Every structure is written in structure tokens, then in C-alpha cells.
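Okay, here's what each chain looks like letter by letter:
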Amino acid sequence: MFNIYLSSNSTTRSVLGAVAASSFLFMAACGGSDTTAPTTPETPSATSADAPIVIPMEGLEKTELTFGFIKLTDMAPLAIAYEKGFFEDEGLFVTLEPQANWKVLLDRVIDGELDGAHMLAGQPLAATIGYGTEAHIVTPFSMDLNGNGITVSNDVWAAMKPNIPTMEDGRPVHPIGAEYLKPVVDSYKAEGKPFNMGMVFPVSTHNYELRYWLAAGGIHPGYYSPDDVSGQIQADALLSVTPPPQMPATLEAGTIYGYCVGEPWNQQAVFKGIGVPVITDYEIWKDNPEKVFGINAAFAEENPVTTMAITRALIRAAIWLDENDNANRQEAVDILSRSEYVGADREVIANSMTGTFEYEKGDKRDVPDFNVFFRYNATYPFYSDAVWYLTQMRRWGQIPEGKSDAWYDETARSVYRPDIYLKAARSLVDEGLADEADFPWDSDGYKAPQSEFIDGITFDGRAPNAYLSSLPIGLKDDQTVSNGAVSN
Amino acid sequence: MSAVLATETTTEPDVVEPKPEPEAEVTKTDRKEKWFAAINKASKFLDVFALSWVTPLLMMAAGDGVKRNLGLLWQRLGIPIVAILVFLVAWAQLAPQVKTSLGAIPGPVEVWEQYGVLHQDHLQEQAKADAFYQRQEQRNAALIAAGRPDDVSDVGYTGKKTYYQQIWTSLQTVFFGFFLATIIAAPLGIIMGMSPSMNAAFNPLIQIFKPVSPLAWLPIVTMVVSATVATDSGWSKSFLTSAITVTLCSLWPTLINTALGVATVDKDLVNVGKVLKLTPYTKVTKLVLPSALPLIFTGMRLSLGVGWMVLIAAEMLAQNPGLGKFVWDEFQNGSSQSLAKIIVAVLTIGIIGFLLDRVMVALQTMFTFSSTR
Chain G
1 MFNIYLSSNS TTRSVLGAVA ASSFLFMAAC GGSDTTAPTT PETPSATSAD
51 APIVIPMEGL EKTELTFGFI KLTDMAPLAI AYEKGFFEDE GLFVTLEPQA
101 NWKVLLDRVI DGELDGAHML AGQPLAATIG YGTEAHIVTP FSMDLNGNGI
151 TVSNDVWAAM KPNIPTMEDG RPVHPIGAEY LKPVVDSYKA EGKPFNMGMV
201 FPVSTHNYEL RYWLAAGGIH PGYYSPDDVS GQIQADALLS VTPPPQMPAT
251 LEAGTIYGYC VGEPWNQQAV FKGIGVPVIT DYEIWKDNPE KVFGINAAFA
301 EENPVTTMAI TRALIRAAIW LDENDNANRQ EAVDILSRSE YVGADREVIA
351 NSMTGTFEYE KGDKRDVPDF NVFFRYNATY PFYSDAVWYL TQMRRWGQIP
401 EGKSDAWYDE TARSVYRPDI YLKAARSLVD EGLADEADFP WDSDGYKAPQ
451 SEFIDGITFD GRAPNAYLSS LPIGLKDDQT VSNGAVSN
Chain P
1001 MSAVLATETT TEPDVVEPKP EPEAEVTKTD RKEKWFAAIN KASKFLDVFA
1051 LSWVTPLLMM AAGDGVKRNL GLLWQRLGIP IVAILVFLVA WAQLAPQVKT
1101 SLGAIPGPVE VWEQYGVLHQ DHLQEQAKAD AFYQRQEQRN AALIAAGRPD
1151 DVSDVGYTGK KTYYQQIWTS LQTVFFGFFL ATIIAAPLGI IMGMSPSMNA
1201 AFNPLIQIFK PVSPLAWLPI VTMVVSATVA TDSGWSKSFL TSAITVTLCS
1251 LWPTLINTAL GVATVDKDLV NVGKVLKLTP YTKVTKLVLP SALPLIFTGM
1301 RLSLGVGWMV LIAAEMLAQN PGLGKFVWDE FQNGSSQSLA KIIVAVLTIG
1351 IIGFLLDRVM VALQTMFTFS STR
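If you're matching them up, the sequences are chains G and P in order.
Each residue of the first sequence is one higher than the one before, starting from 1 at the first, in the numbering used here.
Each residue of the second sequence is one higher than the one before, starting from 1001 at the first, in the numbering used here.
Hints are not guaranteed to be accurate.
Said to hold, decoys possible - Pairwise CB distance ranges (calculated): (1) Val-1098/P <-> Thr-356/G: 26 to 36 Å; (2) Leu-238/G <-> Leu-1077/P: 55 to 65 Å; (3) Gln-1207/P <-> Pro-226/G: 35 to 45 Å.
FYI, nobody ran anything at the bench for these hints, they're computed from the structure.
Computed from a predicted structure; not experimentally measured.
Note that the Cβ used here is the ideal one computed from N, Cα and C, for glycine as well.
Turn these sequences into a full structure, and let the hints guide you.
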């Protein structure tokens, strides 16, 4: 059994396809007979063999798929769809592969090595408008809301803390604005030391959230320009890219003084005692859209049934994650802590996944909506979410010239695909696998104007240029950045 | 080739074992002498497989002087064991004193435990695979029952690669890269060795490319592979990227040694070849290759060693699902067991590298015996 298993599952499969095919046949035959296939008592979270077998829909164009992800807790819908058998129910045979960083992940989706991936909300948009690698990526499914935090090193925290007002029990009042960080940044500047911070990717939600938080507190995070993509033009705090899992190590090494990243890498800093999370993105922008499931536009076009099947499986996974008031989160934590998924220690992942968040060591507070996977229509790909990310790209100069409101709308519509989403949701509702009331059937794709930002400025997705004008720091109207200066 | 092998066994000189003690020679029976001769012969192969300590045991069993053989045994088995024990004790003592943010560096016990965890993981994954195939079978039966036999699937298990499978992937990758390196380097080396002009032409290029690190090749290889290999060609790009990087780095020792081996073929032999007016093909196969083989194998042995070292780095960056990726993933996981698992991988890499080297030494020894011709 051992040898057969080895040979039929190693890379011989792809390399020596013909040879392996025969062993698959043999393997499948083994698996089917009761003498060689014992039941699996030692894998409690594997889908049990006696669960009812669901017959997949007809007409799937492609059934063997490879999806990429980055080791972050918000990849959970993918892990759950796999482990709970939702992909298999759709007749999809999915392999999940952790990727080294966001660039590798995007490039592999573009060249077709990956059929789809857990992506930063900004990635499909940036790729489609040609910032970075150009390719038309679409998203039929938004993966989660919130889930990020900003962590600073112990030294910076020690310098910030005296400025922060405290509650009666002596703990600092949250949310903590960047205005408390400003004196620290100023003192570094006065000493001629660059104040370096890490974020995970130039078009990542973390970059924009960190910039939003810094700018709201009066710290300039710097502009991008077509000839200087460092994003550090006129910057008070210098932001640079570090892959999420390396954030704690980079902070520990003193290369950066703080970072914005998804979980579990903020809680990891608390556990390792190397830094203190100061704010979650829930407090920067309540219920902000975080990751999306990105696929090549060509893939969606050529494989419409498969795309819908994927979306169905992911919606079911999201429902499972939020069902009965997060009742399944502990099991999700067990699955995510396995080395093939996120792989961090169970307690670290549980800290944020189960509705709490630990700031300073011992200062654990309830943040029930820190990770939202389904409620509040979290999985519906709203055009207004896309528009917010586009406004931030414009605000910081990644989109070098002013664009019309209509352009924002068109771009959002070409990338976000609520039509696929609603079709998948409708079929789930029809089969009794989802609840009619959970989906915004009549939405035009724009959320009502939102004002729950840390600085209280209202965002209306239908009027992006007006929104840009209302932000004190950042490019507006037809401003451009050239030779390190802003010109009108 | 077969002729070469046949002559070698008959002309084998006794180099390893000293002659039997003089006072015993009167009473020695022919049978005993035969035993010693056989053990002597075997000892060469035992040496190759790093089992030289078996020889004194066999000699004692055959009735050779106990004292002298015990001394040999101590030197060949006792000292290495003591050294390993000293290393383990020092490791166990010193490791906990190095504190990292992932906890202290794990000692031998924790590392052994994590090996157990990895093994358990493999067994569980097998059970999951069995369940997967069972479900697939049931679904297929249901599909046939529903009148949709065309939708029946026959897919290999899609779960994660276990530790043993990752080792297997690494071995496949390194051998594929090494195979490519050999079929490029050996013929090119022969040409360079036979023609001084070709040697002069290639030498500067070799000198420039030889010291390049795999990490420098990797981005170039990645881009070229991405651009030239179709995604649905059945080849995994990460596999090709890693293997070709191995090729680029492990090419040089074989190339240089082959060229040297061919260039230093005995002048008399070359003259004989001229007198006999051998065709170039016969010259290469009958004259040059047999003489140059020992050096070619030396080169190949070095190449495989280099390839194995390079592979781990290449896999880390190319995301080829082998040991390199295992190390990288565990580093990224940053869990409290990650360091111990990485040390398991380090030891595995070391042991496999050692075994690969022994295999090459074995091949090399087989051919070196003929080097006296």
C-alpha cells in the first residue's frame, strides 16, 4: 500500500503522466474495495466517508484545479471548502498550494499554473488596470471582511504609550490613532533615522489601511509616481514590502519598526513578545473588504460552469465559518493550524479567529467581527469596495492621473462579478443549501455611503472624485507627482 | 565495458588488509586462506558503502587474530559512535541555551519527536487518501446510476504532500537535473578533451559561469521556463525550474573532469590508435572513454553533490514541493514545532546527500579498478 501510494501521488504524476495513469486506475480500484481501504478514525476533521454523496452538476469544463494561497487565516474559506468536502460535492478536485509571496501568486494565476487564488482585493484591480503585471483578473467572490492589524515594535510602543489616554483600569483607550505615533516618527526624523514600516504588497489592502491610518494621524506615508515606484516620495514613514509570514522576523531583526498584516502575524508578535498590535483594521474602516478569490478572466469565460461550481463551494464554506454565531470557528482553527495551511500554533490562530484580539500581552479584548466570512454580505463582490481601492491607488499616485467617476465604475464592473456570485447563490438557495435572506438580491453593487472610518470621512462609491477631494492628505483632481513634487 | 569489468576482478591487488600473521601460516588450511581472500575482496565493497567496520568482525569470525581486529573495530566503529554520542550530548546541552522567538533551539529528543509527528502525518494522510478514493468511487457509482457515465472521474488524491513524498520529489528533481547535466557535460567534455582548440574556446566561458550561485540563475530560469513551457504540457514548471537550476550548477565538475580525463589519455595509447587508423567513433569508445571513465565519474560524483546542495535552495524559491519547500514552509509557519521540523529536514538532507555520495563512490570504484590499463 505504501509504495503504491507514494508513486501515485508524487510528482511522477505530472512528469510521467502516462506511467502514472495506470497506477491511478489501480489505486482507484484499491480505494473502492473494502478490504484495502480502512475507515479513518484518526482523522476527525476529514470528511467522513459515510457522508451522503452529492452528484455534481453537469457540464463542468475542468474538474482538476490548483488554487494558491498565502499563509494567512483569511484563506480559511479555501481550506474549509476542501476539508469539509464542498469542492468534492461540486465534482471539483482541488489542490491547495501555499505560495511564497503575493507577486509569485499573481504571476502564477496569470500564466495559468494556478487556476485561482486567495488574493488581495487590490490585486485583480491593479492587474486589470495594468499597475504591475498586466492581466485581466476577475473576482466572483469576496473572501472576508476585516482581519488585519497594525503592530509596532516594543521600543516604539514604549515611546507611544505615555501619550495615549488610559481607561480607569489603566489600559489604553482604543482605537489608537496615528497621532500618538507622530511624535515618535518626528523624533526619528530629527535624529536622521528613517522610520521604516512593513506592508505586504504595493497594492495590498494593508498598504492602503496603513497609509489611511498614518495619514489620518498626520503622518505622510509617501506618494508613488510612474518613475519612482518606491512609494516613499515626501514620506514621513517609509513603507516597504515584506511577505506576511516574515513580518515578525523582520520586526525582530529591527529592519522595520512596525507593520500592517493579516492574522496570525499580529498575534504572533504578541506571543513572541517582539511587538504590540495598536489597532485593527476594523477600527480603521469598519467591515472593510479584505481578500477576494481571483481568477483569470479567460478562465471564467472558458469555464463558466466550473467557475460557478467554485463559487458555490466557497459560499458554502463561508456560511459554515460564520454559522451559529461562529460555532465552527474552533474546528476551523484546528484545520488552519495544520502545517499545510497556515501552520502557526493553534493558540495564536485562535486568538483572533474566535472573536477576540490581544493587544499588549494580557490585554485581550472582544472583537467579535475581527474576522467576518459571511455575515453582512461579506462574500458579495460590491463595486463600491472595488472603487474604494481604486480611490486609494489614485490617492497615493499608483494611478498617476485623475480619472472620471465613470472610469471608476467601469473598472469595478470589469473586475467584480456579482452576476456569477448571485447565480451561484441562487442555485444554492434553490437546493436548500443557503438561506434566501442572506443575499442582497436587489443590490446595484454599491453600498450606501459609509462613514465608519477612523477619521469619520464619508465614502460614497458613486462619487470617487468628491471622496478624494475630501481627504486632507493625498492626490486629488488632476494632480500628478513628478520629480518628487506634486503639481496640479 | 564488460571486458573491462571482467579483467578487473582477476587483477585486483590486495591493498586494504595486511597479510595474515606469520606464526599462523604453517597451520592455516587452504580453506581459511580462501576465507581471508574472500573477505579481503568484500572489504573493498564494504569500504565503499562506509561499512568498513564489518571487515574486522568477519576476520574474527574467520579466525584471524582477535586483538588486531578489535583494534581495527574500535577505530572504524567505536570512535565514530563515540563521536556521534559526544555530538548528541553537546547538542542536547547547548541547544536549549539559544533562545529564539520560536522558543529554544530543540534538542535531539524534540527533533526525534517531530520525526514521529511527520511519520504519523504520513499515515493519516494515507488514510485520508483512502477515504478520498472511496468517496470518488461512490460518486462515480452514483453518477453512473444517474445515467451520466461521461462525468465519472478518476483523479489522484489531491491532499498535501507528506514528508516522504517530499523527499521523493526532491530525489526525482535532483536526478533529473543531474541527468541533464551529465548528458550535456560528458559529450562536451570529451570534445574539449580531444581538441585543444575547443578547450581554448570553452575554457573562459566555463571559468565565468562555474562560480555563479543557483540563486542568481533561478530568476532567469524561472522566466525562461514560464515563457517556453506550456502550462498544460504535463510538466510542472516548478519542477523544471528547480531541475534546470540544478543542471546549470552541477554541470561544471563533470565537464571539467571529463575534459581533463580525456586530455590526459596515455600518449602511447593515442599513438597506437593513430597507427591502427581508428575511426573517430572507435577511438572514443574503445580508447578514450575507458581511460577517461574514472575521472568522468569523479566529476559526476562532485556534480551530484553540488546538485543536491543547490536543489534545496532552488526548491525553496521555485516552490517545487520537495525538501526545500518543506523547510521554507516550516520557516513561514513559525509554530513552536517549526524549528524541530526544520532540523529533521536538515538531518534528512545530510543523510540523503551522504547516501548519494556513497552510491557515486561505489560506481566510481567499479570503474577505477580498470584505471591501470
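Indicate whether the distance between the beta carbons of Gln-1207/P and Pro-226/G respects the range 35 to 45 Å.
The hint (35 to 45 Å, Cβ to Cβ) holds, given that Gln-1207/P and Pro-226/G are roughly 42 Å apart.
The hint says 55 to 65 Å between Leu-238/G and Leu-1077/P; measuring C-beta to C-beta, is that right?
holds (60 Å)
Falls inside 26 to 36 Å, the C-beta gap from Val-1098/P to Thr-356/G?
Given range 26 to 36 Å: holds, Cβ gap about 32 Å.
This entry satisfies every hint, going by the numbered hints stated previously.
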